[in-house]
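Enquirer: Listed here are the chains, written in short residue letters.
Protein chains: 2
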Amino acid sequence: MSSGDPHIHRKAKDFRWEGVEVLPYKEDDRALFKAITRQVLFSDPEQQSELRYFEVAPGGFSTLERHEHTHSVLILRGRGHCLVGNEVRPLGTNDLVAVPPMTWHQFRATQGEPLGFLCMVNSMRDKPQLPTDADLAALQSDPKIGAFLRG
Amino acid sequence: MSSGDPHIHRKAKDFRWEGVEVLPYKEDDRALFKAITRQVLFSDPEQQSELRYFEVAPGGFSTLERHEHTHSVLILRGRGHCLVGNEVRPLGTNDLVAVPPMTWHQFRATQGEPLGFLCMVNSMRDKPQLPTDADLAALQSDPKIGAFLRG
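Here the protein sequences come in this chain order: F and E. In this text, residue positions in the first sequence follow my numbering: the first is 1, and each later residue adds one. In this text, residue positions in the second sequence follow my numbering: the first is 1, and each later residue adds one.
Chain F extracted, bound-state conformation:
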């Protein structure tokens, strides 16, 4: 390693990192989401996983989706709620969320403050699936999930 390598240390300020671009959440135009950004903190060919930081502004939400790959999440900033499978959970800073394979999930900044979270994923992974109208109806048949999805 060369002395003075800028990549060994990236300083943080207000949940932004030196040399890390703030990106749109997704390129997929079909996906429904609101007020969420993405920063890729680690994506190194020597590592088999990536670490990303997503931040949802108050009232915003991530895409409701499922996929074969798993998500390992740590809440880095604020509070909110998540849906994982049939469970709606209140989230606090530093809480952990594990999203199993093929499980519907969504994160929402429900508490009038930003909800920021780290998400570890395998670098090689399948594309997310979006819910069909039938999937949505099935989820909404549970009143707790319906209330969560309406915000």
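Honestly, I wouldn't trust all of these hints.
Which copy is meant is left open, so a pair is good if it fits within one copy or across any two.
[To be verified] Pairs of lysine to aspartate or glutamate, DMTMM-like flavour, derived with a Cα cap of 20 Å:
#, residue 1, residue 2
1, Lys11, Glu113
2, Lys144, Glu87
3, Lys127, Glu46
4, Lys11, Glu87
5, Lys26, Glu65
6, Lys34, Glu113
It is worth saying that the hints were derived from the structure and are not from the lab.
Following the hints, position chain E against chain F.
Expert: Just chain E, lined up with the frame of chain F:
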């Protein structure tokens, strides 16, 4: 996924997590370290990497070591310093540190407060190497590194 699965959500309190054991830092008796604990936050056969949380008490330090695998680190709590290769860096909360292959590194809680950090690693990885007396002498020949290693 079964409804009510306790593993999807683990609440955090004071940098401890529900259902996550606080472990000794290492089993290797040869390694020199001080006042540091380990919690394995995610170690899932579906994920190709693990996410661990290490916490160094004030005045403590991790083992000075190197290995082929890389570390992707995010400071979750407090401040301190690290050595990576020939660089000694001050660390603040949320800063990122990338440890390249075969690069000497150590984390120290130098600021009278705990230094807690997340570390993402490949699940399949090589064993750390400890410095020989010659390695230590070479590192200490740099006054900045010598001062860092003396605490």
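Enquirer: Honestly, which of those hints from before does the structure not fit?
Expert: none
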